[in-house]
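Asker: Take a look at the letters that make up each chain.
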Amino acid sequence: METSFLSGLALWLRGEIYGVTGIPVLSDLALDVIGIALLLGIISMAAIVFTYAERKVCAFMQVRLGPNRVGGRFGLLQPVADMLKLMSKEDIMPEGADKVLWALSPALLFVPAALVYAFFPFDAGAVLADVNVGVFLLFAISGQAVLPFLMGGYASNNKYSMVGGFRVVSQMISYEAPLLFSLLGILMLTGSMRLEDIVEAQAGGLWFVFLQPLAFVIFLISAVAETNRTPFDLVEGESEIIAGPFTEYSGMRWALFFLAEYANLLTAAILATTFFLGGYLGPDFLPGFAWFFLKAVLMVFLIMWFRWTFPRTRVDQILSFGWKAMLPLSILNVFLTGVVMCALGLV
Amino acid sequence: MELKDRVPESLRNNVLIVKVDELFRWAHANSIWPLSSGLACCAIEMMSTATARFDLSRFGYEVFRPCPRQADLLIVAGTLTYKMADPIVRLYEEMPEPKYVIAMGSCAIVGGPFADSYSVVEGIDEVLPVDVYIPGCPPRPEALIDGMLKLREKIMHPERVAEERAKWAERKKEREAKQA
Chain A
1 METSFLSGLA
11 LWLRGEIYGV
21 TGIPVLSDLA
31 LDVIGIALLL
41 GIISMAAIVF
51 TYAERKVCAF
61 MQVRLGPNRV
71 GGRFGLLQPV
81 ADMLKLMSKE
91 DIMPEGADKV
101 LWALSPALLF
111 VPAALVYAFF
121 PFDAGAVLAD
131 VNVGVFLLFA
141 ISGQAVLPFL
151 MGGYASNNKY
161 SMVGGFRVVS
171 QMISYEAPLL
181 FSLLGILMLT
191 GSMRLEDIVE
201 AQAGGLWFVF
211 LQPLAFVIFL
221 ISAVAETNRT
231 PFDLVEGESE
241 IIAGPFTEYS
251 GMRWALFFLA
261 EYANLLTAAI
271 LATTFFLGGY
281 LGPDFLPGFA
291 WFFLKAVLMV
301 FLIMWFRWTF
311 PRTRVDQILS
321 FGWKAMLPLS
331 ILNVFLTGVV
341 MCALGLV
Chain B
1 MELKDRVPES
11 LRNNVLIVKV
21 DELFRWAHAN
31 SIWPLSSGLA
41 CCAIEMMSTA
51 TARFDLSRFG
61 YEVFRPCPRQ
71 ADLLIVAGTL
81 TYKMADPIVR
91 LYEEMPEPKY
101 VIAMGSCAIV
111 GGPFADSYSV
121 VEGIDEVLPV
131 DVYIPGCPPR
141 PEALIDGMLK
151 LREKIMHPER
161 VAEERAKWAE
171 RKKEREAKQA
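Quick mapping for you: the protein sequence lines, in order, are chains A and B. The first sequence begins at 1 in our numbering and counts up by one. The second sequence begins at 1 in our numbering and counts up by one.
Hint data in this document are derived by calculation from the structure and do not stem from the laboratory. Any given hint could be a false lead.
Unchecked claim - Okay, the calculated beta carbon distance ranges per label pair:
id : chain 1 : residue 1 : chain 2 : residue 2 : range
1  : A       : G19       : B       : A162      : 58 to 64 Å
2  : B       : V20       : A       : T309      : 37 to 43 Å
3  : A       : L128      : B       : K154      : 44 to 50 Å
4  : B       : A162      : A       : S320      : 53 to 59 Å
5  : B       : V15       : A       : G15       : 30 to 36 Å
6  : B       : E174      : A       : L40       : 40 to 46 Å
7  : A       : G143      : B       : Q179      : 54 to 60 Å
8  : B       : S117      : A       : D91       : 38 to 44 Å
9  : A       : V100      : B       : K150      : 39 to 45 Å
10 : B       : E176      : A       : S239      : 50 to 56 Å
11 : A       : D91       : B       : K19       : 38 to 44 Å
What the hints assert, rightly or not - Pairs of lysine-lysine residues, derived as DSS-like cross-links and limited to a Cα-Cα distance of at most 30 Å, are as follows:
id : chain 1 : residue 1 : chain 2 : residue 2
12 : A       : K159      : B       : K99
13 : B       : K99       : B       : K19
14 : B       : K83       : B       : K19
15 : B       : K150      : A       : K56
16 : A       : K56       : B       : K154
17 : B       : K83       : A       : K159
Given the structure is predicted, the values throughout are model-derived calculations rather than measurements. Glycine residues also receive a C-beta, built at the ideal position from the N, C-alpha and C atoms.
Could you put the whole structure together from the sequences, leaning on the hints where they help?
Answerer: Set out below in structure tokens:
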């Protein structure tokens with residue numbers, strides 16, 4: 001296996017722990033726990049940083065200044081104040097709610113959002129769970145994220161939550177199909193479902209965004225729809241369904257939904273980086289994980305750019321666009337990839 | 001000796017010691033999310049407060065939530081009629097504690113030019129405990145921002161909020177006794 005800064009660090013740490021304890025199982029276990037703690041740290045930091053970034057990006061796009069009073073002239077403590085406030089708000093549970101389902105829904109939404117981080121290659125050899133069916137497992141797990149929305153909507157015993165839950169499910173299921181089909185071309189080219197193999201196949205600057213431009217566009221649109229962000233933010237509709245499935249949630253429970261949303265945003269950015277932008281590959285003057293970080297942040301900025309540029313779409317427009325345009329185009333992309341590969345004698 | 005003085009000299013710039021209550025009070029004061037509800041023309045001024053010219057987001061107050069469960073502040077912007085009084089009180093009761101109310105414009109404060117009408121509530125403090133009154137017809141966006149900053153000062157002194165709420169509850173009891 002290729003060595004990189006992160007995997008070298010892990011190797012050194014394993015050696016140190018082994019030197020102290022002398023039990024190989026214990027050092028493996030300790031390293032796994034450190035990895036999980038790091039990933040959870042990345043996710044919660046991302047949520048805090050992204051709320052700030054979103055407000056600043058939005059402000060600059062609307063020729064405003066954004067938060068600049070709380071915590072210095074850049075308003076850096078604004079997300080901290082928001083988090084603390086949400087933590088200390090009253091916790092309201094509706095009387096008619098299905099209490100167990102209602103309380104489980106935000107937690108269950110966070111599980112798949114955090115679990116998929118185990119498969120991402122942050123650097124050469126720096127993967128928490130290196131599985132050879134990575135792509136398959138990743139989408140099998142992130143597919144579970146649909147259910148908690150419906151659970152929360154149903155359990156709230158509120159008509160707006162219920163309709164909101166239905167809406168989210170129909171939207172997310174519609175865009176799961178083009179999202180997966182857009183990646184089939186890449187799987188045909190690499191012949192492997194291991195995420196690190198997919199990244200390594202893009203060595204030499206031949207990123208899949210150049211080989212599969214149509215797939216990249218389809219993937220980006222579907223990923224924005226999957227994460228329920230503008231122009232596809234039907235989860236919340238102020239004038240029609242209030243806050244959708246989140247209508248009855250207050251304080252920290254609502255903040256968990258929020259955390260999952262930003263974890264999913266980073267997931268979408270990381271997936272685009274891994275599949276289309278060459279992952280951790282880049283010129284040697286920066287280490288691999290720095291390239292990975294830069295590309296992911298660029299993708300996050302792009303998705304935020306979408307949010308403050310495009311107007312919202314209606315629910316029927318979203319569904320017909322998904323089934324009548326995105327899905328046929330993604331299948332066409334698979335077909336074209338196959339034809340070109342046959343013509344070049346790659347099969 | 002206070003806890004603050006026990007911090008070594010070399011760490012003075014890096015250590016912050018506060019009471020948990022104070023920390024949460026600071027958080028509440030600096031992250032007021034208003035409910036996006038408007039009754040009349042004052043709501044137009046409320047909307048323009050969030051635009052580029054006035055930029056309410058500088059203070060972090062621009063997160064207008066559509067749902068009362070996630071809001072901290074009810075800005076009553078406009079004329080309150082008796083027909084609308086019940087929904088507004090219900091919205092207020094649906095908000096989680098701690099929650100605050102701003103009466104924006106002369107209609108919300110005393111009924112404004114419609115005070116003599118049979119259908120208009122003469123000031124929203126007949127139905128809701130008001131924390132900050134912003135006079136004007138309508139108040140300018142700067143006035144609303146100033147009102148929210150006054151509310152921030154008030155949140156930092158919760159004993160005043162409690163005192164005024166108690167007085168309001170007394171007045172309400174008297175009014176109800178008179179009506180009965």
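Asker: Hints first: check each against the structure and report whether it holds.
Answerer: Cross-check of the supplied hints:
A beta carbon spacing of about 59 Å between A:G19 and B:A162 agrees with the range 58 to 64 Å that was offered as a hint. The hinted window of 37 to 43 Å between B:V20 and A:T309 holds, with their beta carbons roughly 42 Å apart. In this structure the supplied range 44 to 50 Å holds for A:L128 paired with B:K154, their Cβ-Cβ distance being about 48 Å. About 55 Å separates the C-beta atoms of B:A162 and A:S320, a value consistent with the hinted range of 53 to 59 Å.
The hinted range of 30 to 36 Å is satisfied by B:V15 and A:G15, whose Cβ atoms lie roughly 35 Å apart. Between B:E174 and A:L40 the Cβ separation comes to about 55 Å, which falls outside the hinted range of 40 to 46 Å. Between A:G143 and B:Q179 the C-beta distance comes to about 59 Å, which sits within the given range of 54 to 60 Å. Under the hint 38 to 44 Å, the C-beta atoms of B:S117 and A:D91, about 41 Å apart, fit the expected range.
Checking the proposed 39 to 45 Å range against A:V100 and B:K150 shows it holds: the Cβ atoms sit about 43 Å from each other. The hinted window of 50 to 56 Å between B:E176 and A:S239 is violated, with their beta carbons roughly 36 Å apart. Judged by the Cβ atoms, the range 38 to 44 Å given for A:D91 and B:K19 is violated: they are separated by roughly 22 Å. Proximity of A:K159 to B:K99 is assessed by CA-CA distance (about 25 Å); at most 30 Å being required, the pair is judged to hold.
With a CA separation close to 21 Å, the supplied pair B:K99 and B:K19 stays within the 30 Å bound. Restraint check for B:K83 and B:K19: the C-alpha separation of about 44 Å exceeds 30 Å, so the hint is violated. Using a Cα cut-off of 30 Å, the hinted pair B:K150 and A:K56 holds, with the two alpha carbons roughly 25 Å apart. Among the hinted pairs, A:K56 with B:K154 is consistent with the structure: their alpha-carbon atoms are about 27 Å apart, no more than 30 Å.
Restraint check for B:K83 and A:K159: satisfied, since their Cα atoms lie roughly 23 Å apart, inside the 30 Å limit.
Hints 6, 10, 11 and 14 from the earlier list are contradicted by this structure; the remaining hints agree with it.
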